[in-house]
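In this text, residue positions in the sequence shown follow this note's numbering: the first is 2, and each later residue adds one.
Simulated from the structure, these hints should not be mistaken for laboratory data. Just so it is clear, the structure is predicted and the values come from calculations on it, not from any experiment. Please note that the accuracy of each hint is not assured.
[Unchecked claim] No farther apart than 25 angstroms at their CA atoms in a straight line, the calculated lysine to any residue pairs in the SDA-like style are these:
1. Lys57 <-> Glu135
2. Lys174 <-> Glu135
3. Lys211 <-> Ile299
4. Lys211 <-> Gln132
5. Lys304 <-> Tyr157
6. Lys57 <-> Thr119
7. Lys211 <-> Leu130
8. Lys304 <-> Ser276
9. Lys267 <-> Leu280
10. Lys211 <-> Trp141
11. Lys57 <-> Arg125
12. Lys304 <-> Ser269
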Amino acid sequence: MKWFKKTALGLAAGLVFLMPSEAMAAERITSVSLEIETDFQIGDDCSEDDIIITPKSGLYYVDDIEILNEVNEWGNADTPRIDVYLQAEDGYYFSVSSSDIRIEGGTYETGRREDSYTLVLTLRLPSLLEQVGEIESASWTGPTTISWSEAYNTAYYEIRAVRNGKNFGMTQKTTETTYDLGQLMSRDGTYGFRVRAVNIRDNSVKSEWKESAGTVFVDSETAARYRQQYGSPIPEGVTEPGQMEAWQQSQIPVGWNHDGRGWWYKNSDGSYTVSNWQLIDDMWFYFDSEGYMVTGWILWNDKYYYCTPEYGNMLTDTIVPDGSGRRVDSTGAWIQ
């Protein structure tokens, strides 16, 4: 990787980039908004070519990008930091405060200007701890035991049992790379499984499902033995695989529930909200695509809203407690 140093006029974070006399005839750029996408992979060489930055305005463009990490290849605990050099279009100059800089896909750290028309932003990108490795192999190691290869940056693994080609039962979780499926093999049939890794920092980040390399056939006599050995997990009245999951869902109480992934809310009709807001006890909460409560900044219909990390409720008409000094209005939207 090539390394180079650029000279610049330093400005403390939070100060306005002041208008010099030579920019008097130009128009001000008072805010900066960037969207960042990266294709960094653990073990790959560090390269600016793996960064795509899209300005949300036509008043300026990205002139250069520099990776600041002094490493040649990415490790599984690296947090990429970059300098982004923005150039104002002809007839414009930068007059921007830190509160008017919005970054999607990264975090603003500090800024400086080389001159009125060149703004340099130092940004922190998502830690590579937020990636999770793929499971390379998964197989049976005994009549009921399974194992799979370890994946990096994993908090735990999720397992789905498969009988006669169909998933059944609840997702099983373990921090190990082995598991005993015997308690689920209480009926005759051909069994397989699927397993995936869940990221250590963000449990919404998961690997692809890895299918077992083979299957195990269980006859009725063996199934009866497993029922005696492990105890039957099948309640009375459940006669088909799909009914088991419905029965388990029926045992979950109405209201707030918590599991290894986070908080979610079961409605009185058994449903739960996904990818939307819900008003609960006169407070608004947002739930992701799998029904789990989301905290922090949330982009919704081109506006940003803030939900507290402690309770998850949306704030209104106040300064949010994230240290940015940003204020939200009476509807909860960020006042830009």
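| message | Check the hint pairing Lys57 with Arg125 against an upper bound of 25 angstroms on the C-alpha distance. | response | 19 angstroms, holds
| Restraint status (C-alpha distance of Lys57 to Thr119 at most 25 angstroms) | Holds: Lys57 and Thr119 sit about 17 angstroms apart, inside 25 angstroms.
| task | Sort out whether Ser276 lies within 25 angstroms of Lys304, counting only the CA atoms. | result | 15 angstroms, holds
| For the pair supplied as a hint, Lys211 and Leu130, is the alpha-carbon distance within the 25 angstroms limit? | 21 angstroms, holds
| task | Verify the proposed pairing of Lys304 with Tyr157, using a straight-line Cα cut of 25 angstroms. | result | Answer violated: Lys304 to Tyr157 is near 34 angstroms, above 25 angstroms.
| task | Assess, step by step, whether the Cα of Lys211 is no farther than 25 angstroms from the Cα of Trp141, and give holds or violated. | result | Status holds; Cα separation ~13 angstroms.
| task | For the pair supplied as a hint, Lys267 and Leu280, confirm whether the alpha-carbon distance does not exceed 25 angstroms. | result | Holds. Lys267 to Leu280 sits at ~13 angstroms (cutoff 25 angstroms).
| said: Hint check: Lys211 vs Gln132, CA-CA at most 25 angstroms. Holds or violated? | reply: 17 angstroms, holds
| said: Does Ile299 sit within 25 angstroms of Lys211, going by the straight-line distance between their CA atoms? | reply: Violated. Lys211 to Ile299 sits at ~32 angstroms, over the 25 angstroms cutoff.
| said: Between the alpha carbons of Lys304 and Ser269, is the straight-line distance 25 angstroms or under? | reply: Violated: Lys304 and Ser269 sit about 30 angstroms apart, past 25 angstroms.
| query | Going straight from one Cα to the other, do Lys57 and Glu135 come out at no more than 25 angstroms? | reply | With Cα atoms ~34 angstroms apart, Lys57 and Glu135 exceed 25 angstroms; violated.
| message | Check whether the Cα positions of Lys174 and Glu135 lie no farther apart than 25 angstroms. | response | The given pair, whose Cα atoms are some 17 angstroms apart, holds under the 25 angstroms limit.
Checked against the numbered hints given earlier, this structure breaks hints 1, 3, 5 and 12; the rest are met.
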